[in-house]
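Chemist: This is what each chain is made of:
2 protein chains.
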Amino acid sequence: MNSEKLILVTNDDSVSAKGIHSLVEVARQFGRVVVVAPDKPQSGMGHAITIGHPLRLQKNNLFGTIEAYACSGTPVDCVKLAIYELFKGKPDLILSGFNHGENTSTNVLYSGTMSAAIEGAMEGIPSIGFSLANYSADADFEATQYFSEKIISEAFKNEFPKYVCLNVNVPNLKKEAIKGIKITQQAHAFWADSFLKREDQFGKNYYWLTGEFSDVDQRENTDLQAMKEGFVSIVPTQFDLTAYNLMNDFKKWKL
Amino acid sequence: MNSEKLILVTNDDSVSAKGIHSLVEVARQFGRVVVVAPDKPQSGMGHAITIGHPLRLQKNNLFGTIEAYACSGTPVDCVKLAIYELFKGKPDLILSGFNHGENTSTNVLYSGTMSAAIEGAMEGIPSIGFSLANYSADADFEATQYFSEKIISEAFKNEFPKYVCLNVNVPNLKKEAIKGIKITQQAHAFWADSFLKREDQFGKNYYWLTGEFSDVDQRENTDLQAMKEGFVSIVPTQFDLTAYNLMNDFKKWKL
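Here the protein sequences come in this chain order: X and W. Taking numbering that gives the first Met the number 0, the leading residue of the first sequence gets 0, the next gets one more, and so forth. Taking numbering that gives the first Met the number 0, the leading residue of the second sequence gets 0, the next gets one more, and so forth.
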C-alpha cells in the first residue's frame with residue numbers, strides 16, 4: 000500500500016462488544032481505522048434505518064488512539080453517517096463485526112452486521128462482514144482474527160468486484176482445527192420459530208421470539224455445509240433480489 | 000375457490016394507515032382476512048426482528064368485522080406472530096401494504112412492507128407487497144385497489160412459485176392513465192444521502208437522514224423505468240443473496 004487506506008469498522012453488537020475490539024486490532028494493521036458503531040446492541044435489526052427521528056453521534060475513547068464514535072441508530076445508520084457526515088466521502092474498505100454468533104444462511108437478512116456490509120456494497124465500497132459461531136460475550140476470536148487478516152490482505156491485493164460484499168462465517172473451533180476457507184452459497188435454511196407466551200404481572204400476555212434453526216438444503220457447497228465440515232465460509236453477497244429465473248413464470252399470468 | 004382461503008394482511012405504516020384499510024377492502028373478497036400489523040409506523044425497518052424484549056399483540060376493532068391485531072413489533076415480527084402464535088400454521092396468502100410511498104429499486108431492502116412479504120416467501124407462502132408512489136396519509140388508492148385485485152386473482156388462479164414474493168409498485172396516476180402491468184427487475188439505483196445537522200436546545204448536535212434518489216441504471220425493463228412509463232411494476236423477489244456469477248472471482252484469491 001502506498002497511500003494509507005481509510006477503513007470504517009462497525010458492527011451490530013455495539014461499541015462495547017469484545018468482537019469489534021478484536022476486529023479493530025486486525026484492521027489497524029491495514030490503514031487508518033475509524034469506528035462508527037451502535038451505542039447499544041442492534042442484533043436482528045436487519046437493514047433498518049432511522050427516518051422518524053434524529054440520530055446522535057458521540058465520540059468516545061473506548062478504542063484508545065483509534066478515532067471512534069457511538070451512534071444511537073442501527074448498523075446501516077452508522078455506515079450512512081460515516082460516509083455522508085464524518086468522511087464526506089467513501090472509505091477504502093468497510094469491515095463489520097466480529098459478530099458474536101454466526102450469520103450463515105437466511106440469517107444474512109436479519110443480521111445488522113451483514114446489513115452494514117450490504118449497505119457498503121450498495122455504495123460500491125469493498126465491504127466484509129465477519130461472524131463467529133459463538134454467541135457468548137467473551138468468545139475467543141483468535142481464529143477469527145487469523146482468518147480475517149488473510150481475507151482483508153487479499154481484499155487489498157485483488158480487485159474487489161463492485162456492488163458485492165462478503166459474508167464471512169468462522170466455525171467455533173481452535174485455529175488449528177479449522178480446515179481452510181471455502182467460497183460458498185447461502186444455504187436454504189430457516190428458523191422454525193415459536194414464541195414464549197407468558198402472562199405479565201398485570202395479567203396481560205407477552206410473546207418472546209425463540210425457535211430452532213433447521214437446514215433443509217441438500218446442495219453441496221452451502222455456507223452451513225462448509226461450517227459443519229470445519230471450514231471458514233465466504234458467501235459473495237449481493238443486493239439485487241430479482242428472481243430472474245422466475246420472471247417468465249409470472250409473465251404467463253393474465254395481468 | 001372451493002374452500003375459504005386464509006389471508007394475512009400486514010404493512011409497515013401501522014393499523015391506522017389508510018393504505019392497509021384500502022387493501023383489506025380488496026383482500027376480503029378472496030377469503031377470510033386476518034390483520035396483524037404494527038401498532039405504530041415502522042417504515043424503514045427492513046427485515047428487523049425483535050429479539051431483546053417481548054412483544055405485545057392487542058386485538059382491535061379498527062377493521063369492523065375483520066379479525067385484527069396491533070403488534071408492538073416490526074412487520075416481520077407481525078408475520079412470525081401470525082404464523083407461529085395466532086394461526087399455528089400457514090395462511091394461503093400474505094398481503095403487505097398498501098404502502099404509502101414506492102418501494103422500487105434498492106428501497107426493497109429498507110422497506111418493512113416488502114420485508115414482511117420476503118418473510119412470507121421464506122416460509123414458502125405466496126406473498127405480495129403493494130406500494131403506491133404517493134407518501135401522503137390520504138393518498139388515493141383507487142388504482143392500487145383495481146390492480147391489486149387483478150394480481151391477487153391471478154395469484155390464486157396460477158401456481159405461485161415457492162420461495163419468492165412479488166414487489167408490486169403502482170405509479171401515482173389515475174387508474175385510466177396507467178398503461179398496464181409489467182414484470183420487471185430491481186433497478187440499480189441509490190440514495191445519495193445527506194444528514195440535516197442541527198444543534199439542539201442543549202448545544203448538542205443531532206443528525207437527521209435525508210437524501211435524493213438517483214437512478215443510474217441504463218438497463219431496460221427495470222421497475223423504475225416501468226413506473227416512469229406509467230406501468231404497474233412487479234418484481235419477482237427472492238431472499239437468496241448469493242452473487243453466483245462472482246463466486247469464481249473470489250476463488251482466485253489466495254485464501
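Take these hints with a grain of salt, some might be off.
Derived DSS-like pairs: lysine-lysine, alpha-carbon spacing no greater than 27 angstroms straight-line [what the hints assert, rightly or not]:
#1 W/250 to X/161
#2 X/253 to W/161
#3 W/174 to W/227
#4 X/89 to W/196
#5 W/89 to X/203
#6 W/161 to W/149
#7 W/196 to X/251
#8 W/227 to X/251
#9 W/87 to X/203
#10 W/227 to W/178
#11 X/4 to X/89
No lab work stands behind these hints, which were simulated from the structure alone. Values in this document were obtained by computation on a predicted structure and should not be read as measured data.
Chemist: Holds or violated: residue 4 of chain X with residue 89 of chain X, Cα cutoff 27 angstroms?
Modeler: holds (11 angstroms)
Chemist: Is the hinted pair residue 196 of chain W and residue 251 of chain X satisfied, with a Cα-Cα distance of at most 27 angstroms?
Modeler: violated (50 angstroms)
Chemist: With the threshold set at 27 angstroms, check whether the alpha-carbon distance from residue 227 of chain W to residue 251 of chain X stays at or below it.
Modeler: holds (23 angstroms)
Chemist: Take the C-alpha atoms of residue 89 of chain W and residue 203 of chain X, compute the straight-line distance between them, and say whether it is at most 27 angstroms.
Modeler: holds (26 angstroms)
Chemist: Does residue 149 of chain W lie within 27 angstroms of residue 161 of chain W when you go C-alpha to C-alpha?
Modeler: At roughly 20 angstroms apart (the allowed maximum being 27 angstroms), residue 149 of chain W and residue 161 of chain W satisfy the hint.
Chemist: Does residue 196 of chain W sit within 27 angstroms of residue 89 of chain X, going by the straight-line distance between their CA atoms?
Modeler: Measuring from Cα to Cα gives roughly 19 angstroms; hence the hint holds.
Chemist: Does the structure keep residue 227 of chain W and residue 178 of chain W at a Cα separation of 27 angstroms or less?
Modeler: holds (11 angstroms)
Chemist: Checking one constraint from the list: CA of residue 250 of chain W to CA of residue 161 of chain X, max 27 angstroms. Satisfied?
Modeler: holds (16 angstroms)
Chemist: For the pair supplied as a hint, residue 174 of chain W and residue 227 of chain W, confirm whether the alpha-carbon distance does not exceed 27 angstroms.
Modeler: The given pair, whose Cα atoms are some 15 angstroms apart, holds under the 27 angstroms limit.
Chemist: Given the hint that residue 87 of chain W pairs with residue 203 of chain X, does the C-alpha gap stay at or below 27 angstroms?
Modeler: holds (20 angstroms)
Chemist: Is the hinted pair residue 253 of chain X and residue 161 of chain W satisfied, with a Cα-Cα distance of at most 27 angstroms?
Modeler: Holds: residue 253 of chain X and residue 161 of chain W sit about 19 angstroms apart, inside 27 angstroms.
The structure fails hint 7 only (numbered hints given earlier).
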